[in-house]
Amino acid sequence: MKRNHAIGMIGLALVAGAVFGVSQLAAGEQDKKRTSEEITKSLEARYGKAKTAFELTTEDGREVYAGTVENQTGTYRVQADALTGQVTHITLLSAKPKPQPASAETAPQTAEEGGSRPASPAPTSEIAKSGISLDRAREIALQQVAGTFDGIEVEQKDGMAVYEVEVVTAENREVKVAVDPLTGQVLSIMWED
Numbered sequence: 017m018k019r020n021h022a023i024g025m026i027g028l029a030l031v032a033g034a035v036f037g038v039s040q041l042a043a044g045e046q047d048k049k050r051t052s053e054e055i056t057k058s059l060e061a062r063y064g065k066a067k068t069a070f071e072l073t074t075e076d077g078r079e080v081y082a083g084t085v086e087n088q089t090g091t092y093r094v095q096a097d098a099l100t101g102q103v104t105h106i107t108l109l110s111a112k113p114k115p116q117p118a119s120a121e122t123a124p125q126t127a128e129e130g131g132s133r134p135a136s137p138a139p140t141s142e143i144a145k146s147g148i149s150l151d152r153a154r155e156i157a158l159q160q161v162a163g164t165f166d167g168i169e170v171e172q173k174d175g176m177a178v179y180e181v182e183v184v185t186a187e188n189r190e191v192k193v194a195v196d197p198l199t200g201q202v203l204s205i206m207w208e209d
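Under our numbering, think of the first position of the sequence shown as 17, with each following residue one higher.
Errors might be hidden in some of the hints.
[To be verified] Taking lysine-lysine and the BS3-like style, the derived pairs with C-alpha atoms no more than 30 Å apart in a straight line are: (1) Lys57 with Lys67; (2) Lys57 with Lys173; (3) Lys67 with Lys48; (4) Lys173 with Lys112; (5) Lys112 with Lys65; (6) Lys48 with Lys65; (7) Lys65 with Lys49; (8) Lys173 with Lys48; (9) Lys67 with Lys112; (10) Lys192 with Lys112; (11) Lys192 with Lys173; (12) Lys67 with Lys173; (13) Lys112 with Lys57; (14) Lys49 with Lys67.
No lab work stands behind these hints: they were computed from the structure.
From a predicted model like this one, the values you see are computed outputs, not experimental measurements.
I would like the entire structure built from these sequences, with the hints used as guidance.
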């Protein structure tokens, strides 16, 4: 009986050691810093052609790769976490000119002009090609604030293009949800008084 117990304990110790070893290997792989080439390839697939090399730097106490990308909407400075590859910050450096409506007859009407706000205004269609769509920004905002979609605009905040989604709550309060058009991250929620 003691022998069976000893063999069982040895087997249990071997299994525990194997599990610990595999978990250490997995943790080591997760902690492995990504290369500049890996980051560049990942960001180009999502945001556009790299204009400058992504170089390793430190931001807020953590290592990030920073560089610039260019797509149909403009040139952006992008920072990505060196370990996870997740984008930590995107800033619009320069926007490309937006197409203008051919005439007043083809220009979308705003609510103030007596028309309904369009769900997809023409100037933002280029942003949706390189990031999230207006419909996705609306979904994200409505996940954050319960209410009815009232409109969406592209705003410039701190040098960055931002989808500003307007929602009206059941209590008839207006809420503006700022959504990053490239990542879908909620940047702010402002409740109107």
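Evaluated hints:
Proposed proximity of Lys57 and Lys67 is supported: the alpha carbons are some 12 Å apart, at most 30 Å. Pair hint Lys57 plus Lys173 holds up; C-alpha atoms about 28 Å apart against a cutoff of 30 Å. This hinted pair checks out: Lys67 and Lys48 have alpha carbons roughly 26 Å apart, not beyond 30 Å. At most 30 Å may separate the alpha-carbon atoms for a hinted pair to count; Lys173 and Lys112 meet this at roughly 17 Å.
For the proposed pair Lys112 and Lys65, the alpha carbon gap of about 15 Å is at most 30 Å, so the pair holds. Annotation: proposed proximity of Lys48 to Lys65 holds, straight-line Cα distance about 25 Å (limit 30 Å). The hinted pair formed by Lys65 and Lys49 meets the criterion: a straight-line CA distance of about 22 Å does not exceed 30 Å. Restraint check: the Cα-Cα separation between Lys173 and Lys48 comes to about 34 Å, which exceeds 30 Å; the hinted pair is violated.
At most 30 Å may separate the alpha-carbon atoms for a hinted pair to count; Lys67 and Lys112 meet this at roughly 15 Å. Restraint check: the Cα-Cα separation between Lys192 and Lys112 comes to about 26 Å, which is no more than 30 Å; the hinted pair holds. For the given pair, Lys192 sits about 13 Å from Lys173 by alpha-carbon distance, which is consistent with the 30 Å threshold. Between Lys67 and Lys173, the direct Cα distance comes to roughly 23 Å. Compliance with the 30 Å bound is thereby established for this hinted pair.
Note on Lys112 and Lys57: the hinted pairing holds, with a Cα-Cα distance of about 23 Å set against a maximum of 30 Å. Distance hint between Lys49 and Lys67 is fulfilled; the C-alpha atoms sit about 22 Å from each other, no more than 30 Å.
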